[in-house]
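Student: Here is what each chain is made of, one letter per residue.
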Amino acid sequence: MYYRRTVSDAQINRELLDNVLNTNVRWVVLAAICGLLVAVAVSAAGFLVNQGLGVTGLNRPVFWGFFITNFIFWVGISHAGVMISAILRLSQAEWRRPMVRAAETMTVFALMTSLMMPIIHAGRPWRIFYWVLPYDFARGIWPDVRSPLVWDPTAITTYLTSSMLFVFTALIPDFAVIRDRSTGWRHVVYGALAMGWHGNPRQWKLQGIAGVLLSALILPVFVSVHSIVSWDFGVSLVPSWHVTVFAPYFVVGAVLSGVSAVVTLMIVMRRLFHLENYIWEEHIDGLARLLVVVALGWHFLFWLELVFALWLLEDQEITVWMLRLFEPPWSWFFATFYLCSFVIPVPLWMFRRVRRSFQMMLITSLLVNVGMFFERLIIIVPALMRKGPFTFQYGTYRPSIVEVTIVAGTFFLVGFLMLMFSKFFPLIPIWEMKEGQRLVDNVQVGRVSVPALVKE
Amino acid sequence: MQGNGHHDSIPQPPSHQEMAQDALAKYQEVGTRYWIWVSIFAGLTLLGMIGLAVRLNDGFDDRAAWGYHVGTMAFILSTFAAMPLIAAGLRLTKAHFRRPFTRIAELGSLSGIVIILMLIPALQVLPALQGRSDIWFDFPLGAPDAWQYIAITTMVLAGLGLAYFAALPDLAAGRDHLPPSWRQQVVSRLSLGWIGNLRAWRIQYMGTLTLGAIYLLSYPLVQTLIVSDFHLGLIPGLKDAIFPATVTLFGLQGGVAMLILLMFIVRQTGGYERYLGVDQFWSMSKPLLAFSLLWFYFWWSSFLTFWYGRMPSEIDVLQMLYLGPYRNVFMLSLFLNFLGPMIALIWNPVRRSIWGPTIVAVGILIGTWVNMMRIYVSAASVPDSEVFGHALVSIPAAVWPAGPDILISIGAISGAALIFLLASKIVPVISIWEIGEGLRLVKIRRFYQRWVRVIAKSH
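One line per chain: the protein sequences are A and B, in this order. The first sequence stops at residue 456 when you use the working numbering, and every number in between is there. The second sequence stops at residue 1459 when you use the working numbering, and every number in between is there.
Heads up, a few of these hints could be off.
Said to hold, decoys possible - Computed Cβ-Cβ distance ranges for the label pairs, DEER-style:
| hint | chain 1 | residue 1 | chain 2 | residue 2 | range |
| --- | --- | --- | --- | --- | --- |
| 1 | B | Pro1383 | A | Pro61 | 37 to 45 Å |
| 2 | B | Tyr1448 | A | Phe168 | 25 to 33 Å |
| 3 | B | Gln1268 | A | Gln92 | 26 to 34 Å |
| 4 | A | Pro61 | B | Leu1332 | 43 to 51 Å |
| 5 | A | Asp18 | B | Tyr1448 | 24 to 32 Å |
| 6 | A | Arg14 | B | Ala1095 | 49 to 57 Å |
Stated by the list, open to error - One side only, chain A facing chain B, incomplete, derived with CB under 7 Å:
| hint | residue |
| --- | --- |
| 7 | Thr244 |
| 8 | Ala247 |
| 9 | Phe300 |
| 10 | Leu304 |
| 11 | Val440 |
| 12 | Val443 |
| 13 | Val448 |
| 14 | Ala452 |
| 15 | Val454 |
| 16 | Lys455 |
No wet-lab data here; the hints were simulated from the structure. Beta carbons are placed, not taken as given, at the ideal position from N, Cα and C, and that holds for glycine.
Isolated chain A (complex conformation) (with noise of 0.2 Å):
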């Protein structure tokens, strides 16, 4: 079923280290425009720390917007690097190997997008220290370190610096093949960056180790951070938001969010570059099984979330329900959120053609991401929107065009950012995919030979 090619060694380095040290046109078109754009999402930012908030759409009582929407829509997006990398490097799974690297890669960006979303949030950037530091001996105040506020920026650093070092180290034997094809300045870069890197036996175990161990322990960094987001929500008393079943809601729902923004990325990038030898059919087809178990989890986890709101029959948490099932916008943004995420792609996965199909593949993951967009913002909005007992002023929330230029600018920095890695390092990890060619055998069963793999 996989490895149907074989390509040769000569062939990988050839091909994938094409845009690295070649120039493309389209790289270039595509890297101008999203670096356009994201200056003008920079400008907005500025504009907005120059004149505070108040260009913003937040007012009372819905403090929270198009920033924290994105905030969380980020950090889900992040949970692709590990879900992809990790969790498929520890279990064998063979048809990994073309999309760790962008996985891995997505995960580090993203993770930054989502860290400058609270920074904005907060008006003036630099008041976002005096939450998370020390910032007054004299008088003794402290950060609090129950509040799940000082949690967050917490456990992104630490996903942040622990993926970063993922990608590090698998980036090693890379470096060294950029090093010995590159002369000049870029033969010193890479060559520091390679550490002297040889491929000999004691290195290559010390660089399997790495890859295992890192796998390992980055696996409960990853389950926390948006578990900790979640209990920002959670552990309020905000009708709809006080939810047990939020901290596996979240994480489940963001392997959703990020395993379909990779699968939008492999597509791209196959088009983009012309990686055909790498990413097949059945690499989009493993992923979209994969998609099919982690959309029903999160299904399942969304019932719940929806069927115990309604358990104690409380006033405000089925006035919070009501609003988001029946009051348009609101109605609008959960029906395109509950059919993008689930009623429409989810049934179509089940189909080997659709699986197959890039182009459904992409359009599916694309909705995916719309409907989780959506998610995030009727999860935050329609909860603060609410007359409480203490709430004398309330109303809607409508982004201002400042929010949605910065919040549309993040995907353009993405963008970016994955662009200019490309420019530098190979998207597709060079040694893995020698590694997948050297463990693909066959073996002969009655008259069929079927593709195998050599396991330990």
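Given the coordinates of chain A, assemble chain B onto it according to the supplied hints.
Tutor: Just chain B, lined up with the frame of chain A:
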């Protein structure tokens, strides 16, 4: 590929003909020791029925007296009945190591008969739905009883169908190789004239996948219904959305633990050392470790939300379930289901052994029993006067098991074991055709300096 030096020489596997002859010979044997164990379990099951008769004689008015009965039913659901999930899941993911133990796992579905029988009196002790929190929201047409039966029967039938479909080729082998006897006649009827043509294999393949998928989907539903009606709905003020998922996870952990224990028993007593080797125990110890870590994660997600919420109803619930009368019971379960397995299974030499995972599995099964009793006995002990309120007025005292409770628990578990034991002589306890298929797909080849296994991907 990174080497660890363990497979410098891999013994050549037997041919599938040799394996089939060996396994069929073991299947044909019905020794004295087998009948002794059947007698013991039958005796214990009888004692359980006496315990149940005592409880039935006392009537259904005292719900607290039925807590252990419900807890035992949940224990069987979370151990024996969870095993087919593992078989179905591993078959869907085409895990090669599953082959020798899928039959053991699938036979766990037979315990569904015990669960249905225990559900009948258990449903009689539930209070009326009107005026209390429940999952049914005035749902018509016989809620909760009818829907409980429908859900559980669907799950049990899917499990039995899965076990039967997966056993068809082996039943045909039994038909052709057993000496003429009543057993051979039964096996012959059950084999439905299987001759193993291409069409039959295709139907069998699709059937096992479909029934496995139905079992995978219906199991969380059944756990949700049981825990909603017999735990969450009986404790006023308790709103714990994660708990149905938590008990499903408890089931997965208990299912893996029960499977490892049964693999060990079958290996030691049936002479199946060649088939149930270190590979199988090693492979299953990894999900066991993962489920043990998730056990804590799911519990913690729930506990932390209540702890921070600090509403009076939440403090009462924490007192009742974790910090009050059942504190020691909870601590024991926390150690046996999370701390102990984590400390032991984090080490590869422990995981890569026969005894290591088995000892941990026994601890987990004890922990699961204790945990199920805590969950369901505590809920059953809330009096009717409080069940219809919005919060607990007082924390009920712990209910410890009486004689009939102990008899019911031992009897029900023995009943599930007895059915397993009897079925293991109707169908071979290891899946001969699956092992044979696996042997055809594996070759030992030279790979650079060493010998390795090359595994072909089936289907």
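Student: What are the numbers of the hints that this structure violates, sorted from low to high?
Tutor: 6, 11 and 13
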